[in-house]
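Participant: What follows is each chain in one-letter form.
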Amino acid sequence: MSDSREWPLYEIFIRARGGLDHKHVGSIHAVDATQAIEHARDVYTRRQEGVSIWAVKSTDIIASDPADADAFFEPARDKAYRHPTFYEIPDEVKTL
Amino acid sequence: MSNARFTYVLRLADANLILAQRLGELIGHGPALEEDLGLANIALDLMGQARMLLTYAGEIEGKGRTEDTLAFFREHRDFLNPTLVEQPNGDFGQTIVRQFLVDAWQMELYGRLVDSTDARLVGIAAKALKETRYHLRYSANWVVRLGDGTPESHDRVQRAIDTLWPFVAELFEPDAIDAEMEQVGVAADLAEMRAGWNTTVNEVLSQATLERPQNQKYQWWGKRGDHSEHLGPMLAEMQYMQRTYPGAQW
Numbered sequence: 006m007s008d009s010r011e012w013p014l015y016e017i018f019i020r021a022r023g024g025l026d027h028k029h030v031g032s033i034h035a036v037d038a039t040q041a042i043e044h045a046r047d048v049y050t051r052r053q054e055g056v057s058i059w060a061v062k063s064t065d066i067i068a069s070d071p072a073d074a075d076a077f078f079e080p081a082r083d084k085a086y087r088h089p090t091f092y093e094i095p096d097e098v099k100t101l
Numbered sequence: 070m071s072n073a074r075f076t077y078v079l080r081l082a083d084a085n086l087i088l089a090q091r092l093g094e095l096i097g098h099g100p101a102l103e104e105d106l107g108l109a110n111i112a113l114d115l116m117g118q119a120r121m122l123l124t125y126a127g128e129i130e131g132k133g134r135t136e137d138t139l140a141f142f143r144e145h146r147d148f149l150n151p152t153l154v155e156q157p158n159g160d161f162g163q164t165i166v167r168q169f170l171v172d173a174w175q176m177e178l179y180g181r182l183v184d185s186t187d188a189r190l191v192g193i194a195a196k197a198l199k200e201t202r203y204h205l206r207y208s209a210n211w212v213v214r215l216g217d218g219t220p221e222s223h224d225r226v227q228r229a230i231d232t233l234w235p236f237v238a239e240l241f242e243p244d245a246i247d248a249e250m251e252q253v254g255v256a257a258d259l260a261e262m263r264a265g266w267n268t269t270v271n272e273v274l275s276q277a278t279l280e281r282p283q284n285q286k287y288q289w290w291g292k293r294g295d296h297s298e299h300l301g302p303m304l305a306e307m308q309y310m311q312r313t314y315p316g317a318q319w
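Keeping their order, the protein sequence lines are chains P and W. For what it's worth, the numbering used here labels the leading residue of the first sequence as 6, then goes sequentially. For what it's worth, the numbering used here labels the leading residue of the second sequence as 70, then goes sequentially.
Just chain P, same shape as in the assembly (with noise of 0.2 Å):
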């Protein structure tokens, strides 16, 4: 485990504008919650980069295992059908 004296480590999402989504940019280490969206106000928003912060304990998020990786993401590469290219567009459609 890591040093007890380290801050916890937390992730740092951002949403850019009303109406998209938190995006994750990165991780910040901080004492607390109330502090873990001081820093990352500090370092992710410097350059207007957002209008608004999630922080989540990077212990908190439970992450694929990269040995799965096979058995988890293969078997959809040869499923081509399941993209929606196949449709043919009306020509009435203008925003798509």
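Read the hints as simulated data drawn from the structure, not as lab findings. Certain hints may be false.
With a cut-off of at most 25 Å between alpha-carbon atoms, the simulated SDA-like pairs for lysine to any residue come out as follows [as the list claims (entries may be wrong)]:
no.	chain 1	residue 1	chain 2	residue 2
1	P	K28	W	E103
2	W	K286	W	L233
3	P	K62	W	W289
4	W	K199	W	M176
5	W	K286	W	L259
6	W	K196	W	R263
7	W	K199	P	I42
8	P	K28	W	Y203
9	W	K199	P	R46
10	W	K199	P	E54
11	P	K28	P	D65
12	W	K196	W	K286
Being a predicted model, the structure only gives us computed values, none of them experimental.
Go by the hints and put chain W onto chain P.
Facilitator: Only chain W this time, still in chain P's reference frame:
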């Protein structure tokens, strides 16, 4: 009249300029990358406020001095910042306590200057108030964290408060310039400011389990140009480049 206004604005400008320079010394030396950036952000906000105020002071004076000439070509005694802001960074606790005491002061200041009769100050204060609100949040949270943290962090931050407390009185001690500017509705009322500041400081100190030192009579008059020994070396570093190569740009 315009002379008092010049002095009043210059005092506000120098408080920001000198504190920004102090915080700038920490860039690359912060206790953590996140704090390094946090303090640098605050320094940049303060520098922005200093620039607006210095420019305005130069215009009031009307002798063609710009923000740069005022920052780089004035002598030690012509700087009018309160003595508190020139105090050294010390350990992180001292940096944070100094910041907290100043942030709480600037909250009261800008919160009132938005109602000043001086339209330029109103504009500057409105912008500065938003920035200061964040600065105070940042520094107050740290004071609480350190004060209510480990025995060592508690002792260190208490020591910082005791060290810096004698410089606090000057922030609220009016002189003739303050009185004149207050009378024409330009300046903020220092007694009102002190009351507001006391509320903030008492609340944060008690949350941080820290003791508020006894009030002391003012002994320092940085705002009149009587500075502690710490300002000189700092100005030497700040002004060196422009004094060696006057007008140099990059």
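Participant: List, from low to high, the hint numbers that the structure doesn't satisfy.
Facilitator: Hints 3 and 12 are the ones this structure does not satisfy, whereas the remaining hints hold.
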